[in-house]
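*Asks:* Spelled out, the chains give:
Protein chains: 2
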Amino acid sequence: MGNKGDHNRQRIVEAADQLFYHRGYNQTSFSDIAQAAELSRGNFYYYFKSKDEILSAVIARRRDQLCARLESWSRDFAEPHACLRCFVRMMLDNRSELLRYGCPVGSLTQELSKTQRKLQVEAVALFEVIRVWLEDQMSRLKLQDPAGMAMHLLAVCQGVTLLGSVYADPIFLEREVGRLEAWVDRL
Amino acid sequence: MGNKGDHNRQRIVEAADQLFYHRGYNQTSFSDIAQAAELSRGNFYYYFKSKDEILSAVIARRRDQLCARLESWSRDFAEPHACLRCFVRMMLDNRSELLRYGCPVGSLTQELSKTQRKLQVEAVALFEVIRVWLEDQMSRLKLQDPAGMAMHLLAVCQGVTLLGSVYADPIFLEREVGRLEAWVDRL
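Here the protein sequences come in this chain order: A and B. To get this note's numbering, take the position in the first sequence, counting from 1, and add 374. To get this note's numbering, take the position in the second sequence, counting from 1, and add 374.
Just chain A, same shape as in the assembly:
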C-alpha cells in the first residue's frame, strides 16, 4: 500500500476511534465513519470489509498510544511513586473528555461485554497494558501483592471516571485524584 493508501487508512481509523468513543461502537455506522473520514463508501471498503475490522485497528491504535505514554513515564521517572502519580493524574490531563464521555477503555469494554464477547476480548488487551504496567510499578515498590494492588488502583480509577462522567463533576474528579495521589504516596 502506497503513501496515499496509508494516509486514507489512518484517516479512517482516527475517525472511527473518535466516533466509537463519543457515540459508542454500536451507535456508530459504517456510513458515519466513511463520512467523518471524508471517503466514499466504495473507497472505504477497499481498506476495511467490516466494522469489526475497523474496531481491531482502533484497538491497536489505542494500544500503541497507551504503550507510548506509559513507556515515556517509565523513562522520564525512574521512581515508581512518580510513575504512579502520572498515571493517576492522567484523569485530570484528559478531564474534559473524561467528564463528557467516560473512559475510552472502560466504556468500550463494558459496551462490548454485553453482546460482543469476541470483540470484548480484544478490548481487554487495553486494560492488560495498563494492569501489567501498574503491577510492574507495584513490584518495584516491593509491595506484598503487586498484582492485587494494580487491580485495585485500576478499579478505583475506573469508578472515579465513571461517576465523574455520570455527574459531569470536575470537583469530584479533582478531589478523588488528590485522594489517590495521597494513597500512592503512602505506598
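Please keep in mind that the hints were generated in silico from the structure rather than gathered at the bench. Some hints here could point you the wrong way.
If chains are identical, the list can't say which one is meant, so a pair holds when it fits in one copy or spans any two.
[As the list claims (entries may be wrong)] Straight-line distance between alpha carbons at most 25 Å, and here's what the computed SDA-like set of lysine to any residue pairs gives:
1. Lys516 x Ile545
2. Lys492 x Leu473
3. Lys492 x Ala542
4. Lys378 x Glu388
5. Lys378 x Leu517
6. Lys516 x Arg553
7. Lys425 x Ser513
8. Lys516 x Glu496
9. Lys423 x Asp406
10. Lys516 x Trp557
11. Lys492 x Tyr475
12. Lys423 x Ser513
13. Lys425 x His381
14. Lys492 x Pro544
15. Lys423 x His455
16. Lys423 x Ala442
17. Lys378 x Arg560
18. Lys423 x Gly522
19. Lys378 x Tyr420
20. Lys423 x Glu412
21. Lys516 x Gln384
Starting from the known structure of chain A, fit chain B onto it as the hints suggest.
*Replies:* Frame of chain A; chain B shown alone:
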C-alpha cells in the same frame, strides 16, 4: 386498565428490564421485547408507543426495587456501619450477574451518556437514590464530609464491579469487597 392490562404491562417491563441489562439498551429492539414478553407487536403498542417509554418504566421499576432494598436495610439495621456493610456486600449477593453483565445502573448510565443525554438524566436518578442513602449513613456516622464520602464509596463500588466484569474474576470481587468492609469498619 384492568388486571389483564396490568399483567401484560408488567410482563413487558420485566422482559425489557432483563434485556436492557443483558444486551444493552441500544442492542435491544422493540421486537426483542415483544418476543420475550410473548405479546404480538400490535398488542404491545397498546401499552408502549416507544422504546424510550419502556425505558422510563424500567427505570421506575429499578428505582422502586432499589428503594425497597435500601429501606429494608435501614429498618433492619439501625447502626450505619451495618447498613454500609450490607450495601458493599450487595456486590457478592448479585455476583454471577455482576461478573457477567456489570452493574445494571452503571452500565445503563454509561451507555446512555454517549448519545442519549435526555434518557441518561432519568437513569442518573438511580444513582441518586443510592448516593442520597449513602450520604445519610455517612451523616449518621458524623463524618466530616458525608456527601464526599458517599460519592467515594459509590465510585469504588462502580470501579470494582466494572473491573470484576471485565476480567470475570470472582476472586478479585471478593477481595475488594473484603477491603471495602474493612474500610467501612474504620469509618
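*Asks:* Determine for every hint whether it applies to the structure shown.
*Replies:* Structure-based check of each hint:
Taking the closest pair of Cα atoms, lysine 516 and isoleucine 545 come within 25 Å of each other only across two copies (22 Å); inside a single copy the shortest separation is 33 Å, beyond that limit. Proximity of lysine 492 to leucine 473 under the C-alpha cut-off of 25 Å is restricted to the inter-copy arrangement: shortest distance 16 Å between copies versus 28 Å within a copy. Taking identical chains as interchangeable, the C-alpha atoms of lysine 492 and alanine 542 lie at most 25 Å apart only when they sit on different chains, with a minimum of 14 Å there against 31 Å within one chain. For the identical chains of this complex, lysine 378 and glutamate 388 are intra-copy neighbours only, at 15 Å inside a copy versus 53 Å across copies, given an alpha-carbon limit of 25 Å.
In the homo-oligomer, the alpha carbons of lysine 378 and leucine 517 never lie at most 25 Å apart, since the shortest distance is 50 Å inside one protomer and 62 Å across protomers. Within a single copy, lysine 516 and arginine 553 get their C-alpha atoms as close as 22 Å, and across copies as close as 20 Å, so both meet the 25 Å cut-off. In this assembly of identical chains, lysine 425 and serine 513 lie within 25 Å of each other by CA distance neither inside one copy nor across copies; the values are 39 Å within and 49 Å between. Proximity of lysine 516 to glutamate 496 under the C-alpha cut-off of 25 Å is found in neither arrangement, the shortest distances being 31 Å within a copy and 46 Å between copies.
Taking the shortest Cα distances, lysine 423 and aspartate 406 sit within 25 Å of each other inside one copy (15 Å), while across copies they are farther apart (28 Å). Taking the closest pair of Cα atoms, lysine 516 and tryptophan 557 come within 25 Å of each other both inside a single copy (16 Å) and across two copies (23 Å). Both within a single protomer and between protomers do lysine 492 and tyrosine 475 lie at most 25 Å apart by alpha-carbon distance, with minima of 23 Å and 15 Å respectively. For the identical chains of this complex, lysine 423 and serine 513 are neighbours neither inside a copy (43 Å) nor across copies (57 Å), given an alpha-carbon limit of 25 Å.
Taking the shortest Cα distances, lysine 425 and histidine 381 sit within 25 Å of each other inside one copy (19 Å), while across copies they are farther apart (41 Å). In this assembly of identical chains, lysine 492 and proline 544 lie within 25 Å of each other by CA distance solely across copies; the values are 20 Å between and 35 Å within a copy. In this homomeric assembly, lysine 423 and histidine 455 never come within 25 Å of each other (Cα to Cα): the closest approach is 45 Å inside a single copy and 56 Å across copies. Within a single copy, lysine 423 and alanine 442 get their C-alpha atoms no closer than 29 Å, and across copies no closer than 50 Å, so neither meets the 25 Å cut-off.
For a Cα distance limit of 25 Å, the shortest separation of lysine 378 from arginine 560 qualifies neither inside one copy, at 52 Å, nor across copies, at 61 Å. Neither within a single protomer nor between protomers do lysine 423 and glycine 522 lie at most 25 Å apart by alpha-carbon distance, with minima of 40 Å and 48 Å respectively. Within a single copy, lysine 378 and tyrosine 420 get their C-alpha atoms as close as 13 Å, which meets the 25 Å cut-off; across copies the closest is 55 Å, which misses it. Taking the shortest Cα distances, lysine 423 and glutamate 412 sit within 25 Å of each other inside one copy (17 Å), while across copies they are farther apart (37 Å).
In this assembly of identical chains, the alpha carbons of lysine 516 and glutamine 384 never lie at most 25 Å apart, being 41 Å within a copy and 56 Å across copies at closest.
Hints 5, 7, 8, 12, 15, 16, 17, 18 and 21, counting from the list given before, are not met by this structure.
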